[in-house]
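J.: Sequence:
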Amino acid sequence: MAYKTRVQKQRFYKSRPWRKLRLVALERDNYECQECKRKGRFGKGQNVHHIQEIYHHPKLALVLDNLETLCINCHNKEHKRTFNNIGTKKDKKEWNDERW
Numbered sequence: 771m772a773y774k775t776r777v778q779k780q781r782f783y784k785s786r787p788w789r790k791l792r793l794v795a796l797e798r799d800n801y802e803c804q805e806c807k808r809k810g811r812f813g814k815g816q817n818v819h820h821i822q823e824i825y826h827h828p829k830l831a832l833v834l835d836n837l838e839t840l841c842i843n844c845h846n847k848e849h850k851r852t853f854n855n856i857g858t859k860k861d862k863k864e865w866n867d868e869r870w
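Just so we're aligned, residue 771 is where the sequence shown starts under my numbering, counting upward by one.
If you are wondering where the hints come from, they were derived from the structure by calculation, not from laboratory data. Quick reminder that beta carbons are idealized off the backbone N, C-alpha and C, glycines included. Warning: the hint list may mix true and false statements.
[Unchecked claim] Result set (SDA-like, lysine to any residue): computed pairs, CA atoms no more than 25 angstroms apart in a straight line:
(1) Lys850 <-> Arg786
(2) Lys790 <-> Gly813
(3) Lys829 <-> Thr852
[To be verified] Simulated restraints on C-beta separations:
(4) Trp788 <-> Glu848: 17 to 23 angstroms
(5) Lys809 <-> Pro787: 18 to 24 angstroms
(6) Gln778 <-> Arg798: 23 to 29 angstroms
(7) His849 <-> Asn800: 34 to 40 angstroms
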């Protein structure tokens, strides 16, 4: 099954096989972020990340060797979800007196 729609992915992540395997991965990695560990730091691992994304490799969705524990920050970086612009001028709408 290809996990191409949002609903399919939600069903997968709520499934019993995924929840069981997720716990196995967290325990295997001692609830430590593996990316932080590679950099000589410690981070509390909370997310289980698919190394090969399930969108492209659905057959690897439930393969333990395709999973690693990551902290929230590293998981966001891995998926290129950064929040660097929050609170900056780019994020805020500029006041424009010309509108009034």
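J.: Which hints from the list above does the structure break, by number from lowest to highest?
T.: 1, 3, 5, 7
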